[in-house]
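Undergrad: Sequence order for the protein chains is D and E.
Residue 0 is where the first sequence starts when you use numbering that gives the first Met the number 0, and the numbers rise one by one after that.
Residue 0 is where the second sequence starts when you use numbering that gives the first Met the number 0, and the numbers rise one by one after that.
Hints listed in this document are in silico derivations from the structure and should not be mistaken for laboratory results.
Here the structure is a predicted model, which is why all the values come from computation and not from measurement.
Among the hints, a few may not be true.
Unchecked claim - Pairs of lysine to any residue, SDA-like flavour, derived with a Cα cap of 25 Å:
{"#": "1", "chain 1": "E", "residue 1": "Lys-45", "chain 2": "D", "residue 2": "Glu-278"}
{"#": "2", "chain 1": "D", "residue 1": "Lys-91", "chain 2": "E", "residue 2": "Arg-44"}
{"#": "3", "chain 1": "D", "residue 1": "Lys-274", "chain 2": "E", "residue 2": "Lys-45"}
{"#": "4", "chain 1": "E", "residue 1": "Lys-45", "chain 2": "D", "residue 2": "Leu-172"}
{"#": "5", "chain 1": "E", "residue 1": "Lys-45", "chain 2": "D", "residue 2": "Ala-76"}
{"#": "6", "chain 1": "D", "residue 1": "Lys-202", "chain 2": "D", "residue 2": "Leu-172"}
{"#": "7", "chain 1": "D", "residue 1": "Lys-202", "chain 2": "D", "residue 2": "Asp-257"}
{"#": "8", "chain 1": "D", "residue 1": "Lys-317", "chain 2": "D", "residue 2": "Asp-303"}
Said to hold, decoys possible - Pulled from the structure, derived: some chain D residues nowhere near chain E, Cβ distances all over 12 Å:
{"#": "9", "residue": "Ile-20"}
{"#": "10", "residue": "Ala-38"}
{"#": "11", "residue": "Glu-89"}
{"#": "12", "residue": "Phe-99"}
{"#": "13", "residue": "His-142"}
{"#": "14", "residue": "Ala-173"}
{"#": "15", "residue": "Arg-184"}
{"#": "16", "residue": "Leu-227"}
{"#": "17", "residue": "Asp-303"}
{"#": "18", "residue": "Gly-320"}
{"#": "19", "residue": "Ile-334"}
What the hints assert, rightly or not - Ranges of calculated distance between the beta carbons of each label pair, as one might list FRET restraints:
{"#": "20", "chain 1": "E", "residue 1": "Glu-35", "chain 2": "D", "residue 2": "Gly-320", "range": "39 to 49 Å"}
{"#": "21", "chain 1": "D", "residue 1": "Glu-93", "chain 2": "E", "residue 2": "Arg-41", "range": "31 to 41 Å"}
{"#": "22", "chain 1": "E", "residue 1": "Arg-34", "chain 2": "D", "residue 2": "Gln-109", "range": "51 to 61 Å"}
{"#": "23", "chain 1": "E", "residue 1": "Thr-43", "chain 2": "D", "residue 2": "Pro-94", "range": "17 to 27 Å"}
Beta carbons are placed, not taken as given, at the ideal position from N, Cα and C, and that holds for glycine.
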Amino acid sequence: MLSPKDSSLGKLLSQYVCVRITRMDTTDVGLFDRDWNNAVYFFALNAEEQIYLRYGGRDAASPDTYLDLNSLEVALAQSLAQHQRYLSGELKLEPRPAPFFPREIPLLVQRTFAQRQCVECHLIGDFQNIQREQDGTLDKLTHLYRSPDIKTIGIYLDVPKGLVVKEAQGAALAAGMRPGDRIARWNDTPVLTFGDVQYRYDKVDRRAKTVTVSVDRAGTPLDLAIALPDRWWWTDLRFRQSSVDPRSDFEDRALTGDEKRKLGLKPDGFASYVKHVGELAKALKTHELRVGDIIVAVDGVDHDDLANTAELYIKLRKKAGQSVMLDVLREGQRIPMQLNTHILSFRK
Amino acid sequence: MTMVQQLAVLACAAGFTAGLMHAEDKSIDWLGDYREALRQARQTRKPLFVEFRCEA
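My request is simple: use the sequences and hints to build the entire structure.
TA: Here you go:
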């Protein structure tokens, strides 16, 4: 038994009013905004609906990379301390976000409420994006690539300890981050949990070149300016139930400079090597790519300011369901090939 | 992601919350109504702990 009445977790939880929400129909999703592709997520807040912390979040590899009962206890204790500061008038929190309810998303009303279907968490994010796409306000870098991965900038947490850094690599290491540092602020906003970090990281402008991470190192506060690498916002979208994500059923990698030179391709083009073809490609007959093919261009375009592979170019520049014409190198021959992207349909 | 993988995702998440569910069995009163929870938090001056869980 992990948390009996007299366990440390049980004692912490008993100091809260606990509530479990499984339908989003009447939930203020403006207040409880988050990445909607999490099957479980927690908030600690006060009766004025000022949020102390978020607990949850995931990476593309697993839904429970950052879920841990020890770190939950750390979080619960931290928000109790915040609550004491609030009760004593010491704590200044951000203003409550503007209310926003699922019924304010017209497409969600049409396709879910009207069908008397359960408004599941992931439907909020998906229908927000479908609505944005329809309204012309969809920003794929922000709305499709939610929750950038902190490992991309080299931050590996000691998960049971909350925001204590286990290992720093790459950009984080170069900025001076060290094992044992405890992350305290993200771009000058206080953070207490991985959920807070992921939420704040998601708020960073995708054109930003640096992010300032403030750490506590043995009692000494330090500000670290971490240089953001190209495509720092990129994550594998395959776990997401997203209808605005054009699915193309192949994986590729960018060709190296040497590979491009040998093939006589543009050094700054997005030519890419097909390394995997999904089963759906055969089942749905979406394309005839094979492992080893090199995609040189998509609809005659071979360069993009953001995309470094053909697959990413399609994700960023095409709509789900759209067909494109690929320029493919196979066994020395250059061949045109149609690819039909498709839309994920998940129990709408 | 296949349906099997999606179910696996939910199963993993359910595994994590199993500990909390034990707490519920023994002592923790998990409300199902957010408005009622808010009312109780005002009355008791306790903070709220809100769990969102997809049960689909």
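Undergrad: Against this structure, judge whether each hint is valid.
TA: So, going through the hints one by one against the coordinates:
1. Only pairs whose Cα atoms come within 25 Å are accepted, and Lys-45 (chain E) paired with Glu-278 (chain D) is rejected, the gap being roughly 52 Å.
2. Taking the CA atoms of Lys-91 (chain D) and Arg-44 (chain E), the gap is about 17 Å. The hint holds against a cut of 25 Å.
3. A hinted pair counts as satisfied when its Cα atoms are at most 25 Å apart, and Lys-274 (chain D) with Lys-45 (chain E) does not qualify at roughly 54 Å.
4. Restraint check for Lys-45 (chain E) and Leu-172 (chain D): not satisfied, since their Cα atoms lie roughly 40 Å apart, outside the 25 Å limit.
5. Distance hint between Lys-45 (chain E) and Ala-76 (chain D) is fulfilled; the C-alpha atoms sit about 13 Å from each other, no more than 25 Å.
6. Restraint check for Lys-202 (chain D) and Leu-172 (chain D): the C-alpha separation of about 22 Å stays at or below 25 Å, so the hint holds.
7. Distance check on the hinted pair: Lys-202 (chain D) and Asp-257 (chain D) sit about 37 Å apart at the alpha-carbon level, beyond 25 Å; violated.
8. As the CA atoms of Lys-317 (chain D) and Asp-303 (chain D) are separated by approximately 13 Å, the hinted pair is consistent with the 25 Å bound.
9. Its closest Cβ contact with chain E, about 5 Å, brings Ile-20 (chain D) to no more than 12 Å, contrary to its assignment away from the interface.
10. Distance to chain E contradicts Ala-38 (chain D) as a non-interface residue, since its nearest Cβ pair spans about 4 Å, not more than 12 Å.
11. Its beta-carbon lying about 15 Å from the closest one in chain E, Glu-89 (chain D) satisfies the requirement of being farther than 12 Å from that chain.
12. For Phe-99 (chain D), the non-interface assignment is confirmed: its Cβ lies about 15 Å from the closest Cβ of chain E, beyond the 12 Å cut-off.
13. Listed as outside the interface, His-142 (chain D) is consistent with that label: its C-beta sits roughly 19 Å from the nearest C-beta of chain E, beyond the 12 Å cut-off.
14. Listed as outside the interface, Ala-173 (chain D) is consistent with that label: its C-beta sits roughly 34 Å from the nearest C-beta of chain E, beyond the 12 Å cut-off.
15. No Cβ of chain E comes within 12 Å of the Cβ of Arg-184 (chain D); the nearest lies about 22 Å off, and the non-interface call holds.
16. Here Leu-227 (chain D) stays apart from chain E, with its beta-carbon at least about 28 Å from theirs, past the 12 Å limit.
17. Interface exclusion of Asp-303 (chain D) from chain E stands, the closest Cβ pair being 26 Å apart, more than 12 Å.
18. Look at Gly-320 (chain D): its CB is around 18 Å from the nearest CB on chain E, clear of 12 Å, so calling it non-interface holds up.
19. At roughly 30 Å from the closest C-beta of chain E, the C-beta of Ile-334 (chain D) stays outside 12 Å, upholding its exclusion from the interface.
20. In this structure the hint that Glu-35 (chain E) and Gly-320 (chain D) lie 39 to 49 Å apart at CB holds, the actual value being about 43 Å.
21. The hinted range of 31 to 41 Å is not satisfied by Glu-93 (chain D) and Arg-41 (chain E), whose Cβ atoms lie roughly 20 Å apart.
22. Restraint check, Arg-34 (chain E) to Gln-109 (chain D): a C-beta distance of roughly 27 Å breaks the suggested window 51 to 61 Å.
23. At about 24 Å, the beta-carbon gap between Thr-43 (chain E) and Pro-94 (chain D) stays in the expected band of 17 to 27 Å.
When each numbered hint is compared with the structure, violations occur for hints 1, 3, 4, 7, 9, 10, 21, 22.
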